[in-house]
Every structure is written in C-alpha cells, then in structure tokens.
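Protein chains: 2
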Amino acid sequence: VGLRLEAWALQGLPEVRPGDDLAALLRDGGYEPGDVLVVAHKIVSKAEGALRALDGVAVGDRARELARDHGKDPRLVQVILDESAAVLRAERGVLICRTHHGFVCANAGVDASNAPEDGTLVILPRDPDASARALRAALPHRPAVVIADSFGRAWRHGQCDVAIGIAGLTALDDWRGRRDPRGLELRATAIAVADEAAAAADLVRDKVSREPAVVVRGLARHVSDDDGPGAAALLRPPAEDLFL
Amino acid sequence: VGLRLEAWALQGLPEVRPGDDLAALLRDGGYEPGDVLVVAHKIVSKAEGALRALDGVAVGDRARELARDHGKDPRLVQVILDESAAVLRAERGVLICRTHHGFVCANAGVDASNAPEDGTLVILPRDPDASARALRAALPHRPAVVIADSFGRAWRHGQCDVAIGIAGLTALDDWRGRRDPRGLELRATAIAVADEAAAAADLVRDKVSREPAVVVRGLARHVSDDDGPGAAALLRPPAEDLFL
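As you go down the protein sequences, you meet chains B and U in turn.
Counting along the first sequence from 1, when you hit position 199 you're at 199 in our numbering, and nothing is skipped either side.
Counting along the second sequence from 1, when you hit position 99 you're at 99 in our numbering, and nothing is skipped either side.
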C-alpha cells in the first residue's frame, strides 16, 4: 500500500482582523501529528497588520511615472515599489517584482482584493517564515505550517499556490545522487514539496467563501520536529537565475 | 462541509515497454466518475515508443558546439535540439528550451534516467493532449487524464509536476470578474487547476519504485464529459511572455 494524501479546508473561520490571534482562530483544526496546515497569506497579513492605507501614501516620481505608463493608481504603485527590491518587468500593465524577501511575483504581492476595508491594501507578511514558526508553535500537535500565496508563472498561464513561509515541512526533497531501478543516477531532481503541498491545498480552498486554512494529511515523512530553513531555501539567488 | 481531496498511487504496475497497451495496464484503478488519473509522462512516452537511441544520432555543428561549451554528450544535445523549437538559455550546463509543443523546460524534456535500456533517451510524447484523450477514452468511468512532467521554475529552486497533457480536466479555472465578500473584484486570478492536480499527485508518487500513476479524487467539479482544449490552453504565447 502506498502513500495517501488528503486535504480539506477548515470551515467556519471568521473574517480575520488586525490584532487577531490567528493561532486561537485555527486551534480547533483536529490536527494529528505529521499534519501540514496550509494558510493563505492574507489572513496572516491581516492578523499581523501587514496592511497599507492608500490615503496616507506619499507618491514618488518613479511611482507616478510607472502608474501613468501602466494605467494604475499611483498610490498602489508606490506601495508596490515600497515592497520591492527590484522591478523586473513593467509591461502591459503588469509589474513583476522581486520583493524584499526575494520572491518574484506580480505587484510584489500587494493586493487590493479581500482587504478588510476599501482603500486598504494587503501586503505580504514581513517575515513569513517567522510567522509560520510562531503559528506552528502555538497550535496543538504542532502541525507543520505553510503560508501560501498564488503566484503567476513565466511561460504558463494561470496561477499556482506556492509556499512563501514554511515551518517544519521539507522545502526541497533532494533526490540528486539517488538511482533508478537500473542503477542510473536520476536526473537532477529536487522536488519542491512545500510548493506542491500549497498547490494541493489550493484545490480545496474556496477563495470567495473564506476558506483560508487547509489541513493536508499524508506528508508526515516530510514533517520534522525542527522548523527547518523555511521558504528562504526555495529562493534562487539572483546571480544564479537565468530569467531576471 | 467543504471539499475533500484524496490522492494515492496505483500499486504493482509493471515496467512499461514500447507497444504496451497503457490503458490495459491502468484499467484496474478502481475509478469512480469524476476521478482524475495523473500519469507520469515517462510511461506514456515508453508505451508510445517516444524514445531515441544515442547510437543512431547524427550530431550537427550546433549540438557539437553546445555540448563542448556545457560538458554534455553531443548526441544528447542533438536530441535536445531535435525536440526544441528554440533554446532560450544555455548557461552553466543547463539548456532551457521551448519544445515543439510550446513547453519551456530544461533539456526540452529529454531524459536519460528511467529509460528502458542504457543508451536510450526518453523524450516527451509527440502530442500529450491526444495521448491523454486516448487513455481517457479507454479507461472505465472515463476519469479525466493528466499527463505530468517535473519542470523547474524560474526564480525558485526545485521542481514541481505540471500538466503537459490533459483530457477532461479544467486547465484554468478563471475567476476574473468574480467578487470578494465585499463586492470588490478579485485580483485577476485564473487557477491552474490541472497543474495543481499534477503537483498534488506528485506528493504520493515514489519516483524510484515505479509509481507513475496516481488517482486524485475530489475534483469532480473540474471534470467535464468533454475532453476540453488540453494543456495547450496553459501555454502563454511567446509574443506575450515577459521572460523569453
């Protein structure tokens, strides 16, 4: 008998607001040892107050120029720039940015939808790995925690959820050096387990009806007592990247 | 009660050889209506004879040059070029190619590991959407079929399985125009359902011990009687791509 994966969303969570105790809200997940809890970053951001009000934004020259060229709100663009270490592409109204964490994604992860009130933007948590570790430590049976966001991809349409914060789940399962049944070395392979777990969780999440937390069961072999290096281990250094 | 996703690998499959009837090998999966069968492309390629023997390869000048510059077998490089519409990057021993199908991946999907015998390369199926449709049609209860391969990503370490052939599963679940609980339009969102299903399936697959077929249950809402446009719908046209 092989492995079996199961995933389901926690039901009945309230709207999360700044200052909420996320661990208290997520406490009754019925976790078993070895479970993985995948949480949409938005509720982490909201609980932590990782929000920006459009009203208070002082717009600089670069934001004004980008906003004009791409038909965007200059205040939104300024917040995107504030969250970015670099703007990699600005074309056809899309800003692809590298965030201060090192994630490459549209608009540096800044999002106006699902914000707690009009005129407020949700930004990414300041340190998603730390957020994941704190949440894990506060939950019964310490499930591994993945904080997920939906990222577009180069070359392919559509978005997949990926891990932007991890505590206790293998980020990369490195198969390099292992051999196939005939003894040949396998093609260089490091499976992005946490990203695949985030993707699996997304398949059961209803984004409109508030299902931001998903339990994934069946990955215990990738769950460690130690919190591990987090999603930082997934970031390819810019100097090694072929597509910057 | 929300959605529930389950995934498990079929057990006891034999080594697949050219000319094998894949549908016959996969017939006893216990499929229920609405199931998705995710199949590693390698067994499709092997059954279809999508293989190249290194011995018969006539190496051209460009392959010889690339092989020299990147420390690769010139015959392997020639097969990679044969499978490629374009070589996008050739750096540090890595060839990132766009295949004739339009997929962007390392080595145009050409793989020497897990080949049926030494000196043989497994290439991608000629028309993976057609392969998926044929397999679906021949299986009891016509599960949706996804043919998967492991692709690296720009900007992130590690590989995730993605769909290179699809029959009967939504490739992109388009949420554009839908609204959040406050009535705000959701951020442009098209969820790459078939890619996420491929990723979920990969989490239960043991790549060494021959578990190339995974049943994913719980996605019936994305399974259609019609086979749909296939994985071709996932390909961003080169003219629209910001990272070519």
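One should not assume that every hint holds.
What the hints assert, rightly or not - Quick list of the computed label-pair ranges, beta carbon to beta carbon:
(1) G71(B) with V87(U): 50 to 60 Å
(2) R62(U) with R176(B): 24 to 34 Å
(3) D118(B) with L242(U): 26 to 36 Å
(4) Q11(U) with A220(B): 17 to 27 Å
(5) P18(B) with A23(U): 28 to 38 Å
(6) D118(B) with D20(U): 58 to 68 Å
(7) A23(U) with A130(B): 47 to 57 Å
(8) Q11(B) with S224(U): 43 to 53 Å
(9) L242(U) with A130(B): 26 to 36 Å
(10) R4(B) with A23(U): 22 to 32 Å
(11) A90(U) with H70(B): 27 to 37 Å
(12) R92(U) with G177(B): 13 to 23 Å
(13) G49(U) with P229(B): 28 to 38 Å
Said to hold, decoys possible - Residues from chain B shown here face chain U by an in silico Cβ test under 10 Å; the list is partial:
(14) W8
(15) L10
(16) A53
(17) G56
(18) A192
(19) E211
As the list claims (entries may be wrong) - To list a few chain B residues with every Cβ distance to chain U over 12 Å, as calculated:
(20) D20
(21) D21
(22) V59
(23) E65
(24) L81
(25) A134
(26) P140
(27) A201
(28) S224
(29) D227
(30) R236
Derived from the structure by calculation, the hints contain no laboratory data.
Just so it is clear, the structure is predicted and the values come from calculations on it, not from any experiment.
All C-beta atoms, glycine included, are put in the ideal place defined by N, C-alpha and C.
Report the numbers of all earlier hints that the structure fails to satisfy, in ascending order. Checked against the structure, the hints that fail are numbers 1, 5, 8, 13, 16, 17, 27, 30, while the rest are satisfied.
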